[in-house]
Amino acid sequence: MTVHELDEFLAPLRPQYADPRSLILPALKHVQEETGWLPPDAMATVAEATGFSQAYVESIATFYDRLYVEPVGRRVINVCVTLSCMLRGSDEIFEHIADYLGLDGEGTTDDGMFTLHKVQCIGACDRAPCLQVDAGEQIGPLEPADATCLIDDLRDEPAPARYCR
Amino acid sequence: MPVLNSVYRHREFGDTLTSLAEYERAGGYLGLQDALAMTPDDALYAFHRSGLRGRGGAGFPMGRKASFLPKDTGKPTYIVVNADESEPGTFKDREIIEHNPFQLIEGITIAAHAVGCERAYIYIRGEYEHQAQVLDSAVEQAREAGRLGPDALGPGRPFDITVYRGAGAYICGEETALLESLEGKRGQPRLKPPFPAVAGLYGCPTLINNVETLAALPPIMHRGADWYAAMGNEKSPGTKLFSVSGHVMNPGNFEIVLGQTTLRELIYDLAGGLRPGREVKAVWPGGSSVPVIGVGSLDVPLDYEALNGVGTFLGSGGCIVMDDSGCIVRASWRLAQFYQHESCGKCTPCREGTGWLAKILGRMVHGEGRGEEDIRMLESLFGRISGRTLCPLADGAVMPVQSALNLFRDEFVRVAEHGSPRPVPMMEAPVG
Amino acid sequence: MADQGQSPDIVTLTINGRQVTAPKGTMLVDAAKAVDIEIPIFCYEPRLGPPVGACRMCLVEVEGMRGLQTACSTPVADDMVVQTESEVAKDAQDGVLELLLANHPLDCPVCDKGGECPLQDRTFRFGPGETRTLEPKLHFPKPLDLSPLVALDRERCIACYRCVRFSQDVAEDGQLTFQERGDHTEIATFSGDPYEGRFTGNTIDLCPVGALTSNPYRFVSRPWDIKNTPSVCAGCSMGCNLEVTERDNEVKRLTGRPDPNMAVEEGWICDRGRWGYPALRSADRIPHAVLVDQVGRRGVLLERALAEVAGMLINRDLRIGVLLGDPVTVETGFLAQELAERVGDGRAMVRRTGIPGHGLGPLRALPGAQMDELDAADVVLVVGGDPASQQPVAELRIRKARRHGARVSMVGPRPSALDDACEVLRTTPGHLVDAIDVMRDRLLGSSRAVVLWDEADLAAEPAAAAALAELVAATPGARALEMCADVSGPGLRALGIPAAGGLLQAIEAGHIDVLVTIACDPTAGPEGTRWATALEGVGTIIEMGAYVSGLTDRATVVLPLLTPLEEEGVLVSMAGRAQRLRPGARECEGAAAAWELLVALTHRLGRAVPDRTPSQAFSRLAQRHSAFAGLDYGALGTEGAVIAPVEATGADAGTAPAQPAGDGLLVVPCRPVFGDADAFRSDALEPVREPARVCLAPAEAERLGVRTDARVHVRTPHGEMVLPLEVGSRYHEGAAYLVMGDPGTAAERLLPMDGGAVRAVVGVAARQEVSA
Ligand SMILES: Cc1cc2nc3c(=O)[nH]c(=O)nc-3n(C[C@H](O)[C@H](O)[C@H](O)COP(=O)(O)O)c2cc1C
Ligand code: SF4
Ligand code: FES
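Residue numbers (numbering that gives the first Met the number 0), protein chains in the order written: chain A, 0 to 164; chain B, 0 to 431; chain C, 0 to 771.
Just so you know, these hints were derived from the structure itself, not from any lab.
Beta carbons are placed, not taken as given, at the ideal position from N, Cα and C, and that holds for glycine.
You may find that some hints are simply not true.
One-sided and incomplete, this derived list gives chain C residues near chain B with beta-carbon spacing under 10 Å [unchecked claim]:
#, residue
1, Pro50
2, Cys54
3, Val95
4, Glu97
5, Leu98
6, Asn102
7, Leu137
8, Tyr160
9, Thr176
10, Glu179
11, His183
Capping the alpha-carbon separation at 20 Å, the derived lysine to aspartate or glutamate pairs in EDC-like fashion look like this [claimed, not checked]:
#, chain 1, residue 1, chain 2, residue 2
12, B, Lys184, C, Glu185
13, A, Lys117, A, Glu69
14, C, Lys141, C, Asp106
15, C, Lys136, B, Glu367
16, C, Lys89, C, Asp29
17, B, Lys184, A, Glu47
18, B, Lys184, C, Glu179
Partial list, derived from the structure: chain A residues whose beta carbon lies under 7 Å from chain B [unchecked claim]:
#, residue
19, Gln15
20, Met85
21, Ala123
22, Glu136
Chain A extracted, bound-state conformation (with noise of 0.2 Å):
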């Protein structure tokens, strides 16, 4: 992404806050979108068109957990692990995605389609033991089956035009 199309995307939020800083957070989940993540040049891009520094950038970046400074996968899969999911099962349905995927616990596949993460909870602890892909709605209750559909379906679709994490 260019900083003229970020400035493009910027130029109606500038006027919603008093101080050019808010916009550090929204320019990265949205340079976030193009490539799934953050490499450095994304982040001198959102330094340039806010005017902050790059480092300062990455010291926001660096903070939240769903901002990414190293490559993932096509599609992150993030596991609840907190206390809820894990009384029904969360431990179990992560493990079995691992072994899926061929992973050793979080990480990548080599194919670069998924990552594999356990995360704090979600937010559906109805749901629970359930999981996110990117940020898309929260998925549950899961049996072991359920998730092993949705890996397969989501390595037949495509990759996303934008990727929402």
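Assemble chains B and C with the ligands onto chain A, guided by the hints.
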């Protein structure tokens, strides 16, 4: 057991209200109409009389907080809506936003009239992207209908709402960390004072309330503060959403009148009870940051004071239930890991202490404990963390573990000596 | 209850049972310190801005307040009752230390900070004595170089925020930040880039543990082997206070002062000042005296050389000139004056290098400001110069003024590192006067303005100097602060020592038989070529210098000098503050301080020498020179004292330089931070050195037909040389930006001695010039 479903309109209506037309058909925006007929001060006073308390966790009276905002400072006044809802076990705000976004918008608009605000921000957690889109659409519909925009509060009285997305950080639910995040800084709590009411967003007077709190305003204005205050009891009036999760058959949100339903009724009558043959072992009744209580406390009525009476808090109303198949040390460890992960890292006791807690508990669970020595270590650590930090996150990390240790000391000793085998999880699909 | 009759701005409270009074707004930790009660802290550092209350080290009990309070962020209040040593408070302090050590490596014996580490000290005084952590500590990848000068060991970091706040909120360079969150929090630059800046070393001083250390100082000494001496930096006219660390007679380290001079540098020093000290042992340090006689040129003992010089000066008929360079102390200047009265029949000329400053009189007569007055200024106007590179720490004070609400503007011809912090009015060279006009209303509307003006730029534009003086004088409450081009200038001017122009003319007229130079080489300065030619006619040159110069080979006698880090005496800063140098080390056994040499010479000339120490010299000069009247050497302490304004007298009251005629581009002289001789002599600063060059706007380069990677030929009426070219859009058309300082190039030679403006013809260099 009175279940009213009366405040959160989609519940009474029995369906989702995501279009403005539907919402208006269901009686939406009558509250605002009534509020606009009053002076701002009268509206404030109505908040006050309703007795509505903050639903984000601390239970601070909403009307009192709103009255702290200084007037005529020459600076803008802001409203910030806390939709960060990241407290484990809590998912009530999600329901309001998904099913009834306009009631929230209407509530915010009413508050804006009362405190003289032209722009509000809804800070919604990054994981609620789907819900944020519902909100976006609702805000857009309201804007198109003129319910937001240049004349939202009457001719020439503008008001608008910006939806701001977080990006994954529990601490951004703490009000000052939220403000920092919204200002484009790292989401770390501020020193108080000054309090946000005086110097909040961009240093301006700011009212911060939880989604559920503000969404209660339309019926309060329309049906009257007295109607609301008459529900529940004197110190805990009105209704509250409880999110029930964990080892129950029918997890979900339930709106109950405060003080008139017991914890046992919530678990057994509303949330479908437990699996056959199981009994309640432990309940975190107000989200994961409150002290855990045992089966002996099940008959406590659900209101702020009564829960304090049994040594815990109503908190966010996120009620996590564990049956007797669960291991309390493993559960405590899992929560400690949550707080370790979510500590913002600003202050020493929390940054270092939460990690230490998690490490000790993890060792115990994995059979590498050192018996009583670990227990003593835990006990001394509690005191070195809680009450000494910049924000209450660390207290929230200690309370569930400390209370668990007090309540289930024998089990802690056993696990510290022998470890904890992984239990069979409850995998059956919940009913309903 | 507050005492009756007490000012309402003073509150009375009780700390550990003692009654304490403190001004309203004082934080508990400072109120306690005032009565010698130490409350331990880590993150608290008021110079970085409001408290952050992050480390929780300073928890104390306050009666009536729930829980414990952080003393660093709790303001005093009347009737407050505070316990800092109660069991509860002790346990809290002990607990925080234990937690801080939970992930802190126990490598004090090999840590550079060991022995002078606040974490270590506080652990002894307030802590548990041993830690109970059995859990594995967090590990970060190996220590890394944050920059060539600063090393970072992330495992030792206690996340106190100090370095990050310095970078973000004081230097405002935005480069050092926290990354990640929770116990993974680490300080870092953008994707591991080096931390570049002019002030990076201050983060080392601020770090309360061994996480940030000085690369040049790593593993050099242990705290019990060293001696620390407070002194003053002679790197520029700012006059920053610093601390000299000595071991084995060598300067091992320079740091900001633990008890800063709040009216000057506030404890900050720039990286050039901090890491310039290796120059003291560079190859071109003059190790011993040199004498040329019938036998030839050879090294001799200082005593012998002095006897030789005395023999040369004793002849009453000789016409003698003394040229004082930079930096020299006021005692040296004064003793040179006295020597001059005793040699050559009292007709000896004493002159100084530097700008004569005709036309600057009215500016110098304005009410002067100290640096701390910037803190309360409503308008700050910088006219000419570039404090960011010439008086670096002034940049930090200007940024602070802006943070405190001042409107800061900068007018002048140079791009500056301060541009992001102020409203910039970039002028075409020679047009400062127009810019001053633009600022007129702004200034007249202010009530506490501080105007910083550049000596060199205003000397070059007399019309601007006159206009500015008149404007500031017309502005109520406004004060002026001169940014001096040289370090010795303010002190020597106060002694009435004029600039060197007359001396050069005398030399050219054949009227000087013996020239004594002290810490200078006029052949490397303005009109250096003319000096070189003129000096060919001088029979005897006696050079007193610390480093080999263009004169060294020519001189009949060379007397090795100590440098300001090794000598004693007084320097006067650009704000007129007389401050004491204290010898931090003595690296060169064969060398002496200039004042010592002057005393010894006078003595050998058979005169009674009343002064045997700088202190005695100072008290006599204070009697003779009104600017220093009433000042006492001993009482200068580590704060210094402000001298009285000086009126321009004698030879310095000449006419202002005329505007330059002829063709070519107007020259804008630029002096980069890392461009002075010390920067080139210090191996530590090698990675950041800025070589001499000419900079042009792209359009200008195109018009002249010169390319970026080329070297160009530069000619002014005072000389010509071949220099590298830099083309950049930061530069204005119509001007040649001459980057100077590099002693090997001595581009200063192209400038006029009268400080006037000059034009340069820039063109393609001939092939043989380029290869040469
Ligand atoms: C660590 C921490 C996390 C919090 N998270 C939330 C949250 O997710 N949502 C919320 O409404 N309040 C949260 N709070 C409470 C807020 O700080 C604040 O009290 C609340 O938003 C005020 O709104 P109310 O008065 O309507 O409850 C949190 C507090 C702490 C200390
Ligand atoms: S208690 Fe934890 S979350 Fe709160 S400020 Fe301290 S480190 Fe951050
Ligand atoms: S010094 Fe007070 S919290 Fe750090």
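_A closest beta-carbon separation below 10 Å is what the hint needs, so does His183/C meet it against chain B?_
holds (7 Å)
*For the pair we were handed, Lys184/B and Glu179/C, check the Cα-Cα distance against 20 Å.*
holds (13 Å)
*Does Glu179/C pass the interface hint, meaning its C-beta sits closer than 10 Å to a C-beta of chain B?*
Holds: closest Cβ of chain B sits about 8 Å from Glu179/C, inside 10 Å.
*Are Lys184/B and Glu185/C close enough, with their CA atoms no more than 20 Å apart?*
holds (16 Å)
*With 10 Å as the cut and Cβ atoms as the points, is Leu137/C at the interface with chain B?*
holds (8 Å)
*With a cut-off of 20 Å on the C-alpha distance, tell me whether Lys117/A and Glu69/A pass.*
holds (16 Å)
_Given pair status - Asp106/C, Lys141/C, alpha carbons within 20 Å_ = holds (14 Å)
*With a cut-off of 20 Å on the C-alpha distance, tell me whether Lys136/C and Glu367/B pass.*
holds (17 Å)
*asked:* Just to be careful: measuring from the Cβ of Pro50/C to every Cβ in chain B, is the smallest value less than 10 Å?
replied: Pro50/C check passes; min Cβ-Cβ to chain B is 7 Å, inside 10 Å.
*Does Glu97/C meet its interface restraint, that is, does its C-beta lie within less than 10 Å of any C-beta in chain B?*
With Cβ-Cβ at 7 Å, under 10 Å, it holds.
*chain B contact restraint on Val95/C - CB to CB distance below 10 Å*: This hint holds: Val95/C lies near chain B, its Cβ roughly 5 Å from the closest one there, short of 10 Å.
*Under the criterion of a CB-CB separation shorter than 10 Å, is Tyr160/C in contact with chain B as hinted?*
With Cβ-Cβ at 8 Å, under 10 Å, it holds.
Hint check: no violations occur; every hint is consistent with the structure.
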